[in-house]
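Engineer: Whole structure, please, built from the sequences with the hints as guidance.
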Amino acid sequence: MSIKISKSVFVYYLLMISSILLFNSCAENKKQKPINKTENVETSRKANDIIPFFQHWNLILGDGSNVGQATNYENKDFFYTVNDDKEDWVVFKSPNAGNTHGTSNNTRTELAQLKKWSPMKDATMNATLKVMNVAKTGDASVAATYSVVVGQIHSADGHENEPLKIFYKKFPGHTKGSVFWNYEINTAGDDNSKRWDYSYPIWGYDFSVVGPDKNTYPPEPEDGIALGEEFSYKVEIKDGMMHLTFTSEGHETKTFTKNLITSEYTSRSDIPEQVNNLFVPIGQDGVERKNAYTEEGLFFKLGCYNQTNGKDPKVNKVWCSGAETHNGDVQKQYADGNYAEVWFKSANITISDDAVSNAGYFKANDGLSGKIVYPSEVIPFMDKFKILMGDGTKADNLVNLEHKDFFYTVIDGTRRWVVYKTPNSGVTSKNSSNTRTELHEKREWTPEVGGKLTGTCKVMQVSISGDARVAASYATVVGQIHSGEGHENEPLKIFYKKFPGHKKGSVFWNYEINTAGDDNSGRWDYSSAVWGHDMSVVGKSKNDYPAEPENGIELGEEFSYEVNVHKGIMYLTFKSDNHETKTFTKNLISSEYAKKSDLPEQVKKLFVPIGQDGVERANAYSGELNYFKQGAYNQTNGKSPEKSMVWCAGAETYGGNIAKQYENGCYTEVWFREATIGPSTPPNK
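In this text, residue positions in the sequence shown follow our numbering: the first is 237, and each later residue adds one.
Calculated directly from the structure, the hints in this document are not laboratory data. Small disclaimer: the values here were computed from a predicted structure and weren't measured. Treat the hints with care, as some may be off.
PhoX-like mimics (lysine-lysine), calculated; alpha carbons at most 25 angstroms apart, straight line [as the list claims (entries may be wrong)]:
{"#": "1", "residue 1": "K412", "residue 2": "K490"}
{"#": "2", "residue 1": "K526", "residue 2": "K357"}
{"#": "3", "residue 1": "K778", "residue 2": "K875"}
{"#": "4", "residue 1": "K494", "residue 2": "K470"}
{"#": "5", "residue 1": "K840", "residue 2": "K822"}
{"#": "6", "residue 1": "K811", "residue 2": "K553"}
Structural biologist: Set out below in structure tokens:
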């Protein structure tokens, strides 16, 4: 049986079916995620498919590992490829804190060239890139904060300094950032700690433009480069000259030339004003070898060398950013913008055929950040001492000894230091209320025989809690002479003290009398100011602080002392850059405090009210065995001030929990970079 359908009915059904199909199609489309044409999509292409030169490099990642040549390699945390719907890019990404390479403070995901070459030979590196992120936190007064290095020339020899670093830097809240390049001097001599950079602006500012304080930024650069905006660089080396070209669409092309084999900074008078303003205040004021980088092997680096780190700015006000690091948790840093990320779409290098292997550089630097450098490797006199640490741990052999909570080494960006750290409350010696991580000389000597101790140090922390009326609050002792006989008193204690809220603290030294008779309870100290106040300057109430000393020493500021006991006389010398050198002399074998009328006014003010009003043996410390001590002897303790308004600080101790004290600033920390011990010498020699 056949069914006939009229033309009009057929058209009706056709329209109905079309409508249903169209509706279903729209419904399906609504379920699909719309395509974002600007979204960055990871591509299956490897980095060497985009930039075919990875056989010439080793790749260092933000976790400190050297993964070798990055051919057919990717790592989703640090090194991978993306497509921004226009082009493919190679991504280099690195957090504010992970693990680093060599002796640097900073993490990197960066290529390092496998061969090194002479500055007299031809070498070229080109790259086109865009910076996608710099750290969101840091200290605006620190030059390196919010910046990343995207290309370098590095020396593989000598001091391993850097004749070229190409930076991008952008302050929070700004749309545009700056591109600049730095030249680092190849320091004359063996001591590289005084090296410095000179910075050249390309678009925007140079390196030296910083904020006046942590959270205040300079004006946004008018001719700067925005995040995500492409720019290119070309680095060409020829006959000892470095030629630089920088290009970016919509910006003026910039070119520079720098001589790598003849220095323009061979005397102090050659130091540029920019360097005087930025580096000289932190003691980096060296001069350069006359022949600069001549005869050193150089190599290129390219990628993402994050300059923003979590180190405290008081360690180094140029390189230590104080940024958020989430205790090194990489994913947390990535989640809240505390990382650097750089994309490259093209790059290439050419070098001369007589370039040689750079394996020595990698052998020296691979895994170096994870290797232990012992205090005895930094200050080699440790065999002359034993130590007591803040938890009561004792050790007689300090060669190749460290303790990560109390006694270890660090790098501050220019050199390595020995750290002595101890809480307000831990475990101390039998005769003291105060914890210490302090060296104790094994040899003992009488004042008539004598000896000499030197130290160059910086105090990084004193307790932030205590009682301002108590003379010992907020203080630490960084060097001593201690008697090993009789009353076991102390003819010398060298103090650093800083009140909360003050920028500058005081350095002073105390002489403790060697009390006459068997009763030592009447002993007292006489305090002499070096820079700032002496010990007797205290507050009127617990939280009332005296005026800040005008000529004081800041946390993190270096000073040196020499203690020379020669034929019974103690000669003291204190030095610090930008401060007057101070000298003192004290007789240790003939007392000036042998009767009550000899008590100084300072002692009557500070000690007599608490019943300490003794007199000294006429021959003071004559004939008694003494020894040197050096380190961090924390003077701020948790004892009630009612027991002694001189020595009992009433500070926070968190029930003796050392980790909590460290977390909350209730500890002391002292760094030494140099120290010596030996026989006495005649004064002025």
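Engineer: Each of the hints needs a verdict: does it hold here or not?
Structural biologist: Verification of the hints:
For the given pair, K412 sits about 18 angstroms from K490 by alpha-carbon distance, which is consistent with the 25 angstroms threshold. Of the pairs offered as hints, the one joining K526 and K357 holds, with about 19 angstroms between alpha carbons and a cut-off of 25 angstroms not exceeded. For the proposed pair K778 and K875, the alpha carbon gap of about 14 angstroms is at most 25 angstroms, so the pair holds. A threshold of 25 angstroms between alpha carbons decides the hint, and for K494 with K470 the separation of about 14 angstroms falls inside it, so the pair holds.
This hinted pair checks out: K840 and K822 have alpha carbons roughly 20 angstroms apart, not beyond 25 angstroms. This hinted pair checks out: K811 and K553 have alpha carbons roughly 21 angstroms apart, not beyond 25 angstroms.
Every hint, counting from the list given before, is met by this structure.
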